[in-house]
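Asker: Given next are the chains, with one letter for each unit.
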Amino acid sequence: MTVNITRRQLIQRGAAGITILSLPGLLAACGGGGGGGGGTSETLRFANWQLYIDIDEKTKKSPTLEQFTAETGIKVDYFEEINSNDEYFGKIQGPLSKGQGIDREIIVLTDNSRYPGLMVDEGWLEKLDKDKIPNFSNLIDAQLSPSFDPEREYSMPWQSGMTGIAYNEKLTSTPITSMEQLLEDSALKGKVTLLSEMADTIGSVMKLNGDDPTSVTDEAFEAALERVRKAVDSGQIRQFTGNEYTGPLSKGDLIAAMAWSGDIVQLQADNAALKWGLPESGGMIWTDNMLIPLGGDIGKASEFMNFVYDPVIAAQIAAYVNYVTPVKGAKEELAKSDPETAENPLIFPDDETLAKVSGFDAQALNNQDYIEQWQQLLGA
Amino acid sequence: MGSFFHRHRGLTPWVLLLPGIAWLAVFFVVPLGYLGYQSLQSGTFPRYQFDWAFVNYTEAISDNQEQLIRSFVYAGIATAAALAISYPLAYWIAFRTGRWKNVFLVLVIAPFFVTYLIRTIAWQTILSDEGPVVDLLKTIGLVAEDGRLLATTLAVVAGITYNFLPFMVLPIYVSLEQVDRRLIEAAGDLYASPVRSFLRITLPMSLPGVFAGTLLTFIPASGDFINAELLGGPNQQMIGNVIQSKFLALVDYPAAAALSFVLMAIILVMVAAYARVVGAEKLTR
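Quick note, the sequences are listed as chains A and B, same order. Residue 45 in my numbering is what sits at position 45 of the first sequence, and the numbering runs on without skipping anything. Residue 15 in my numbering is what sits at position 15 of the second sequence, and the numbering runs on without skipping anything.
One thing to keep in mind: the hints can contain errors.
[Stated by the list, open to error] Straight line, CA to CA, 27 Å or less: simulated DSS-like cross-link-like pairs of lysine-lysine:
| no. | chain 1 | residue 1 | chain 2 | residue 2 |
| --- | --- | --- | --- | --- |
| 1 | A | K275 | A | K356 |
| 2 | A | K60 | A | K336 |
| 3 | A | K61 | A | K328 |
| 4 | A | K91 | A | K75 |
| 5 | B | K138 | A | K251 |
| 6 | B | K138 | A | K170 |
| 7 | A | K60 | A | K98 |
| 8 | A | K127 | A | K75 |
| 9 | B | K138 | A | K189 |
[As the list claims (entries may be wrong)] Taking CB as the label site, the calculated pair distances span:
| no. | chain 1 | residue 1 | chain 2 | residue 2 | range |
| --- | --- | --- | --- | --- | --- |
| 10 | A | G99 | B | W23 | 23 to 33 Å |
| 11 | A | R229 | B | L203 | 45 to 55 Å |
| 12 | B | T97 | A | A187 | 13 to 23 Å |
| 13 | B | V103 | A | G99 | 50 to 60 Å |
Bear in mind the hints are in silico, worked out from the structure with no lab data behind them. All C-beta atoms, glycine included, are put in the ideal place defined by N, C-alpha and C.
Construct the entire structure; sequences and hints are all you get.
Answerer: Spelled out as structure tokens, the structure:
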């Protein structure tokens, strides 16, 4: 929704500060496709989210991108222009629906939004050239067959994140570990936020109800929606947010919030009282996927995907962005240089954690009726 | 060129108008026409078909009454509050600040040096539950002990009022500034009390500024969505939030376009009625 200006961008800095920093990004994004880097045969144009690749603090350049250029001779035009799936899709759908390209080789969209599935269905994506991606074998098993692209013909994961519950230890005597507490514990009334992404909130509540979010039925959806509605009507829920929950949570305006794992890694560095965990009934996992939009150069894009699936490179990126890497062997690589990060369960979740998370039904994500009901519950 | 304009003197105003007309045609009329075209389409994304789907309009009104009414109520309250704050302020700047006038005018405009979004995010901090404002209001009993300001109607209306304040202050200031001081002196010479000379001279002469200020505040405030988004909760969402959600989350462009037109139409009707009541023709002569 909204000014869902933010998603990943709040990471690492305070809310206000980062919004200033992101304005050039917003403006650049508003400039649209035309401003692209020309797209000579030697250039790869890569659109990604804010603060979502390794950056050398001194040179302000990405070691990963520089190494890629050194190795392949392909220059990378890197655009930090994606602030929300909805907004970015709104920008690119015009040319795509007319069968035109958008001057990008790779874009990154989240599989808990409707758009990756929609773009596959509409034929707006180019197929990967798997011959150029021998490192495809490094993709972790859990990511091999997402429901929007079961054969991974069109997509490769960039990073994943988990959706769970964050709370401020100083403001509550009991740990907050269940969705039931968030929705119904009157001690938290008006001090709780939920996420405005349907998949995150409805999925987590479905799990609380004992339903399966990977295969959504009308009854299960209704039940979850009603349970959230009750919490909204009672005044329990203060707001629905993108990652704007980070500011109020750090300041103590919120006792608890539904929160993304990567954000919390950063917030905890400043505020040790913040705790994060998956709900007892299980949490959600989402994955940002690299996609080749219509007209993108398949060869160069595939070559780049292969490059970032090298465990050494994947470790380098994971150490910086703090999200869950989909590349086998990255943890072992990182352990050599940064053992502390390699042991962080939010960045390299163990099997027990992974067993507690699931994705959201791609069909349900594109169900216009569900989206409409969800948006109405958000007040709009 | 010179002799051309000499011979065709009547053309000059049109030539001067040309850049403005061209600008409006390209960036206002054409997009608006396209929006109108889109508002009469039906189907599902991305295969919308133009078929005179006027049902989009009836649905836009019937499905969103709550947010429509709320938007105009919020905008109305914010406009009234902005007027109540701005008039005395503009009066004071125009009549009492002497050579410091420009300093105070700069102070009024100063918030505009920061973008709208940042100013509103700053209000999140100002109104924060643990912040000084809420603390103070709790101490004097205006906010309940377990109460808050963020994610309430008050916060949204206060945010809108603040954000549009300069649009109210400046036109009122300009009209007050133009009041001929000799008229007020003359009224005094004729034994009019200060209150009477204010009511009979200053106030009527400043009404064009009030008229412009209320419009400049009310119109953008009714379509605003930033304040509701950042300072409100699910029960404070305005029509701008609905349009945004229909455009971006639902990708239902026809519904969003129709709703935009409905909003525009309601505002036009309200402005026309207001202009009639206040007698805009007399005011803007």
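Asker: None of the hints should be skipped; say for each whether it holds.
Answerer: Hint by hint, here is what the structure shows:
Pair hint K275/A plus K356/A holds up; C-alpha atoms about 18 Å apart against a cutoff of 27 Å. Distance hint between K60/A and K336/A is fulfilled; the C-alpha atoms sit about 24 Å from each other, no more than 27 Å. A hinted pair counts as satisfied when its Cα atoms are at most 27 Å apart, and K61/A with K328/A qualifies at roughly 26 Å. Distance restraint check for K91/A and K75/A: the Cα-Cα separation of roughly 25 Å lies within the 27 Å cut-off, and the hinted pair is therefore satisfied.
Note on K138/B and K251/A: the hinted pairing holds, with a Cα-Cα distance of about 18 Å set against a maximum of 27 Å. Taking the CA atoms of K138/B and K170/A, the gap is about 22 Å. The hint holds against a cut of 27 Å. Taking the CA atoms of K60/A and K98/A, the gap is near 37 Å; set against the 27 Å cutoff, the hint is violated. Of the pairs offered as hints, the one joining K127/A and K75/A holds, with about 22 Å between alpha carbons and a cut-off of 27 Å not exceeded.
Restraint check for K138/B and K189/A: the C-alpha separation of about 18 Å stays at or below 27 Å, so the hint holds. G99/A and W23/B have their C-beta atoms about 31 Å apart, which keeps the hinted 23 to 33 Å range intact. Remark: the range hint 45 to 55 Å for R229/A to L203/B is upheld by a beta-carbon distance near 50 Å. For the pair T97/B and A187/A, the supplied restraint of 13 to 23 Å is violated, since their beta-carbon distance comes to about 52 Å.
A hinted range of 50 to 60 Å holds for the C-beta pair V103/B and G99/A, which are about 58 Å apart.
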